[in-house]
Amino acid sequence: MGKAMLEVKNLKTKYITRFHEDVYAVDGVSFTIEEGKSLGIAGESGCGKSTLALSMMGYYFPPLHYMSGDIIIDGKNISGMDPDTVRKTILGTEIAYIPQAAMNALNPTQKIIRFIEDVVHAHDPKKDKKEIREMAEKRFAELGLPAEALNKHAVELSGGMKQRTVIAVSTILNPKVLIADEPSSALDVTSQKMVIKMMRELMEKGYIKSMLFITHELPLLYNVTDDIMVMYAGQLVEKGTAEQMVFDPVHPYSHGLMKSILVPEEGTRGQKLTAIPGAPPNLKRPPDGCRFAARCKYAKPECRYSAIPEREFEGNRMYRCLMGVDELREVYGDE
Amino acid sequence: MSDQVREQKDFTNAPLCLSGKGVTKIFGFGNKKTVAVDHVDFEFHEGEFVSIVGESGSGKTTLSKMLLGLSNATEGEIFFQGKPRDISSGRKKREYWKGIQAIFQDPFSSFNTFQKIDTVLLDCIHMRGGKNLSKEEKFNMMTEACHFVNLEFKELTNKYPFELSGGQMQRLMIARIFLLKPKILLADEPTSMVDACSRATILDMLLNLRDEIGMTVIFITHDIGLAYYISDTVYIMEHGKFVEYGKADEVILNPKAAYTKRLISDVPKIHEEWDLSTVDLMA
Numbered sequence: 003m004g005k006a007m008l009e010v011k012n013l014k015t016k017y018i019t020r021f022h023e024d025v026y027a028v029d030g031v032s033f034t035i036e037e038g039k040s041l042g043i044a045g046e047s048g049c050g051k052s053t054l055a056l057s058m059m060g061y062y063f064p065p066l067h068y069m070s071g072d073i074i075i076d077g078k079n080i081s082g083m084d085p086d087t088v089r090k091t092i093l094g095t096e097i098a099y100i101p102q103a104a105m106n107a108l109n110p111t112q113k114i115i116r117f118i119e120d121v122v123h124a125h126d127p128k129k130d131k132k133e134i135r136e137m138a139e140k141r142f143a144e145l146g147l148p149a150e151a152l153n154k155h156a157v158e159l160s161g162g163m164k165q166r167t168v169i170a171v172s173t174i175l176n177p178k179v180l181i182a183d184e185p186s187s188a189l190d191v192t193s194q195k196m197v198i199k200m201m202r203e204l205m206e207k208g209y210i211k212s213m214l215f216i217t218h219e220l221p222l223l224y225n226v227t228d229d230i231m232v233m234y235a236g237q238l239v240e241k242g243t244a245e246q247m248v249f250d251p252v253h254p255y256s257h258g259l260m261k262s263i264l265v266p267e268e269g270t271r272g273q274k275l276t277a278i279p280g281a282p283p284n285l286k287r288p289p290d291g292c293r294f295a296a297r298c299k300y301a302k303p304e305c306r307y308s309a310i311p312e313r314e315f316e317g318n319r320m321y322r323c324l325m326g327v328d329e330l331r332e333v334y335g336d337e
Numbered sequence: 116m117s118d119q120v121r122e123q124k125d126f127t128n129a130p131l132c133l134s135g136k137g138v139t140k141i142f143g144f145g146n147k148k149t150v151a152v153d154h155v156d157f158e159f160h161e162g163e164f165v166s167i168v169g170e171s172g173s174g175k176t177t178l179s180k181m182l183l184g185l186s187n188a189t190e191g192e193i194f195f196q197g198k199p200r201d202i203s204s205g206r207k208k209r210e211y212w213k214g215i216q217a218i219f220q221d222p223f224s225s226f227n228t229f230q231k232i233d234t235v236l237l238d239c240i241h242m243r244g245g246k247n248l249s250k251e252e253k254f255n256m257m258t259e260a261c262h263f264v265n266l267e268f269k270e271l272t273n274k275y276p277f278e279l280s281g282g283q284m285q286r287l288m289i290a291r292i293f294l295l296k297p298k299i300l301l302a303d304e305p306t307s308m309v310d311a312c313s314r315a316t317i318l319d320m321l322l323n324l325r326d327e328i329g330m331t332v333i334f335i336t337h338d339i340g341l342a343y344y345i346s347d348t349v350y351i352m353e354h355g356k357f358v359e360y361g362k363a364d365e366v367i368l369n370p371k372a373a374y375t376k377r378l379i380s381d382v383p384k385i386h387e388e389w390d391l392s393t394v395d396l397m398a
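Those protein sequences? They're chains A and B, same order as listed. All you need for my numbering is the position in the first sequence, starting with 1, plus 2. All you need for my numbering is the position in the second sequence, starting with 1, plus 115.
Rather than coming from a laboratory, the hints here were simulated on the basis of the structure. The C-beta atom is built at its ideal place from N, Cα and C for all residues, glycine as well.
Which bits of chain B does chain A cover? Going by a derived footprint, with three or more residues having C-beta under 8 Å, they are:
1. 280–289
2. 311–323
3. 329–339
4. 373–381
5. 384–391
In silico DSSO-like cross-links for lysine-lysine, where the CA-CA straight-line distance does not exceed 30 Å:
6. B:K384 x A:K299
7. A:K302 x B:K269
8. A:K286 x B:K269
9. A:K199 x B:K384
10. B:K296 x A:K274
11. A:K274 x B:K298
12. A:K286 x B:K274
13. B:K362 x B:K376
14. A:K274 x B:K376
15. B:K384 x A:K207
16. A:K178 x A:K39
17. A:K286 x A:K11
18. B:K384 x A:K39
19. A:K154 x B:K147
20. B:K376 x A:K199
21. B:K124 x A:K274
22. A:K199 x B:K371
23. A:K299 x B:K269
24. B:K384 x A:K274
25. B:K148 x A:K154
Far from chain B, some chain A residues (derived; all Cβ distances over 12 Å):
26. D72
27. K128
28. D290
29. L324
30. R331
Hey, can you work out the whole structure from these sequences and the hints?
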C-alpha cells in the first residue's frame, strides 16, 4: 500500500438555508486516496458530489458549514482550520480545485499571466515577476499549451483551451491533491479528450500526487480513474476499482447507474435503457433506514427502519445494503 | 441488460417529411465571410429518428434554426412534406410551427418565467384547436400528457417552471410536445444539461413519442454514442457539410470518413482501450 495522500474520516457537513433549516449534504463519508492514485465519484445530480469536493478543501463559507470529521492531507489535519489560514497555506500548494464552471472562472479583464502571479504571490509575496513568467512558460510548454496564451485575455481562448488553462494555473504550485469537479462536461468530445490527456500528464510527471475526479459520465470515469465510489443522498453506497464497479456493481443503485452507460460499440444499439424511477430524497429530513429504499426494486420492509452500515467484502470493496453480495448478484443474473 | 433490441427499419420508401437541397447559410461578407452551413442536401422521412452529429462549431445549431424557420437560408430551399416551405408571413410561419416543434438544450430558459405550468400546457391545447373543450376534458388531456412523462399533474398545478429540477423541466417540455403532436420534433442537445440517469428517461420518452405518435425526430448531439443508441439514420457534420450519412449501424460500426473515425475514437468506451495518444495538445 502506498502512502495515503488524502484521508477523509467520517466527514459531515451541512448547508444552513435562509429559513434556518439544515440540509445534510455530506453525511459520514470516509475514504483514502494513495499517492499516485486517482479516485472517481459518480452519482446523479443532487447527491452531494460537489458539496463533498467543496467540503474537502476545508474552505467553508456560508451556507456551507463544517460539522465533524477529519480531512488529512499528507499527514496534516486541516479540518476545523479557519478559512483565511486555509486559503493562505492549503489552497494551491496542498489541494487545488477545478470548479464545474471553470470556463467562467477567469476574470475577463485580466491576462492569463496575472492569474498565475496571483496564485504564486498568495504563497510567496516576494517572488519576482520575471521568475514567475519563466516558470509559467516552462509549465505551459510541458503541458502542450502555447506560450502566447499567457498574454491573452480569457475571451480570446476557446472553451477547451480555457479549461486547460484553468487546470494549468491551479496546479502551478504542484498541489498534492487535485479535485476536479466535472471538468469536461461542458466540452465536446475532442476537447474533453485533450483535457483528460493533460490531467494524465500532470499525474505522470508528478506535478500532482493524487486526483479526485467527479463526473456523472461513467465511461469517462472508467477510463480516467483507478477506483470509483458511488454516492447517493450524501453517503457512499459502493466503493471498488473501476473494473469491478463497471462490470460487477453490487449495490442496486450502482447497478442502475451502470445500466445508463451509452457507448458507440457494437451491440449497444436498440438495447433498452432502464432508468431508475423517482428522485433522490430530501436531505433536510433524510430517511431513517436505507436512503435508496424508496426507489429500490428489491427493497424489503426492514430496509426502511434500520440504518445500514458500510459492509466490506472481497478485500478492498465496500457497499451499503442489507442484502448479501451473492444474493444481489443472483437477483441481477435473473433479470 | 434486456435482450429487447430495436430493429433497424428501412425508411427509404417512407414519404418525405422534411428535405432540403443546397441549403447554405453565410454570415458576414467580404473578408469576414463565414460559411456556417455549406450546400447540404438531406431527406428526413416520416417516422424516422435522425441524428445530426458534429463538434462544437460544425454548424448543427445554425442548420436547426433554418429548419425551424427562425433564420432564413442564404441559398437553397427546404421542402416540407414534399412542397416548398413558405414562411414569408407571420401567419404562414405559425401554420408551419404547428408541424414542427423543438426542444432546446437549456430547460431553464425554455419557459416563460411568469407563466404557471397550467398555462403552459393549456396554451398547447388551445393551439391544437381545443379552445371549446370543457374544463374537465382539458384537465384530462393535461393529466395524460404529464403521465406520459412520469410527472403528476396534480402536484404541478399552481407551480412555476423554475420550481422544478432541470430533468423535470425537460420532461415538461416533452409533455408540451405530446399535447401539440407536431409532425416533426427537433431536439437540439436536449440531454446535455441533465445527468446520465435522467438522460436515459428522456431518451426513452423521445422514442415513445416516435413510436406512439409517428413523429419524425431530428436529434442534434455531439455525443456519437448517444446517436448510435437512439437513431435510425445518422448524419455526420463537419465544417457545415455532411461528410457521411446513412444507417446508424453502417456509419458508426464501419465509418468511412476520417472525421467520423476521429469522433468515434474520441468517445471514452468501456470494452475497448481508449487511445489518448491520438490527441495533439498543440493543435
